[in-house]
Each structure stands twice: as structure tokens, then as C-alpha cells.
Amino acid sequence: DAGITQSPRHKVTETGTPVTLRCHQTENHRYMYWYRQDPGHGLRLIHYSYGVKDTDKGEVSDGYSVSRSKTEDFLLTLESATSSQTSVYFCATTQGADTQYFGPGTRLTVL
Amino acid sequence: EDQVTQSPEALRLQEGESSSLNCSYTVSGLRGLFWYRQDPGKGPEFLFTLYSAGEEKEKERLKATLTKKESFLHITAPKPEDSATYLCAVQRGNSGGYQKVTFGTGTKLQVIP
Chain U
1 DAGITQSPRH KVTETGTPVT LRCHQTENHR YMYWYRQDPG HGLRLIHYSY
51 GVKDTDKGEV SDGYSVSRSK TEDFLLTLES ATSSQTSVYF CATTQGADTQ
101 YFGPGTRLTV L
Chain F
112 EDQVTQSPEA LRLQEGESSS LNCSYTVSGL RGLFWYRQDP GKGPEFLFTL
162 YSAGEEKEKE RLKATLTKKE SFLHITAPKP EDSATYLCAV QRGNSGGYQK
212 VTFGTGTKLQ VIP
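First to last, the protein sequences are chains U and F. For the first sequence, counting from 1, position 102 maps to 102 in my numbering; every step adds exactly one. For the second sequence, counting from 1, position 56 maps to 167 in my numbering; every step adds exactly one.
One chain only, chain U, in its complex shape:
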């Protein structure tokens, strides 16, 4: 399994505040992904990265931005958190365009 860590693992914040979630991998994988998981929905892609400083939008990217300044780190930022962004966020990585390996997740609650 890819060595993927996410921080924080849990966070409670208030509407309108900025939030940054971090994903760190030790496998030197090229691709990194941010998903959100909500009841009744499959995992939905927010943003992904195909290399340092190379990112693109997924299907639910509104209200989110990402950055990747190093191969091992992929940051997800909610510029102004809203209650609809309460969710569990997962990071995933792949070396090629193949099997994705997931991190342990971050549970975010926006009050």
C-alpha cells in the first residue's frame, strides 16, 4: 500500500473560514487526487494533480482550490467554508493512470 497520510484527521470549523487539508505520500507517485465522500454518493473527484504545479479540476471543484509544490504533498483549500462542504475528504495516489490507493481520510464539519 502507498504510504499516504492526511492531516488533520478531524476538523470542525465555522462558515466563512478558510480551511486547508494536507495529503502527504512517500511513494513518489506522480498522480494525486482529492475526493469527497457523502452518503448516497460515490466518491466524487474534486481536483487532481499530474505533477508538481500541474493540477486540474474534477467534477465537484467549485469552492475548492489545490496546490502541489512538491511531489509528496497535495493541499486542498476551502477558501471560505460552507455547510455544504461538510464531508469526509480522501486523498489518493497512483504512479500511472491505474489503481488508486487511498489515505485514511479527513472528517470536516462546517458549522
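Hints were generated in silico from the structure; no laboratory data involved. Where hints are given, some of them may not hold.
What the hints assert, rightly or not - Distance condition first, Cα-Cα at most 30 Å in a straight line; then the derived DSS-like pairs of lysine-lysine: (1) F/K170 x F/K153; (2) F/K211 x U/K57; (3) U/K70 x F/K211; (4) U/K57 x F/K180; (5) U/K53 x F/K153.
What the hints assert, rightly or not - Partial list, computed: chain F residues near chain U (C-beta under 8 Å): (6) G143; (7) G154; (8) F157; (9) V212; (10) F214; (11) T216.
Note that the structure is predicted; figures quoted are calculated from it, not measured. No residue lacks a Cβ here, since even glycine has one placed at the ideal position from N, Cα and C.
Dock chain F against the given chain U, drawing on the hints supplied.
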């Protein structure tokens, strides 16, 4: 639009009672179909990748099969530790770049001792 439908949504089995989970899909050019296991409060754990119709893969009590329209995850003589949510996902094949992955909503399996 790619779609993945998993059934049943929930399944309760007695220990030792074999069964199958279904994953029906539509995708433009299947590159791969994935099965994951997810325990409460944890990230999805990779189980299998299947690439072409007729392919089968096994791991302990689990066996995954693939046809052109669906995949099955067969669980033989399950144990309580097999209780989890099982996720199916399909990857679209296209030339270069990001290969889109679409996830189903999962089947929650409970195995009763």
C-alpha cells in the same frame, strides 16, 4: 455519462453463508474495473483490478469476475471480519492524461457470527 450501480445496498449474512455482490456499469471504453473494501472511519482499501471480460481474480474468501456489463464479488464462507462496505469503480480508457474513475455507492455487508 459513466455510471456504476451496486446492489444490494446492504446485505446481511450468517457466518459461512456464501453470496455475491453485483456491480453494473456503463462506461465509454472500459480501461479497468476496481473493487475496494472500506471499513468505518477508514479509507478504501484496494482489493482487485479487472481489465477484460472473462477475467477473474481471487483473494482469500473473495473472488471477482467481470463481464461486459457487470462485475460480481463472490464471498465464500464469509467471516465476521469480512463485514465492511465494498466499493466498485470503473475507469474510462482514453489516450493520455487523466483516466476518469467513477465510483458506485457501495454495498454494506454485515456477517453475523
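So, going through the hints one by one against the coordinates:
no.	hint	in the structure
1	F/K170 x F/K153	20 Å, holds
2	F/K211 x U/K57	12 Å, holds
3	U/K70 x F/K211	23 Å, holds
4	U/K57 x F/K180	29 Å, holds
5	U/K53 x F/K153	28 Å, holds
6	G143	7 Å, holds
7	G154	4 Å, holds
8	F157	6 Å, holds
9	V212	7 Å, holds
10	F214	3 Å, holds
11	T216	5 Å, holds
Checked against the numbered hints above, the structure breaks none of them.
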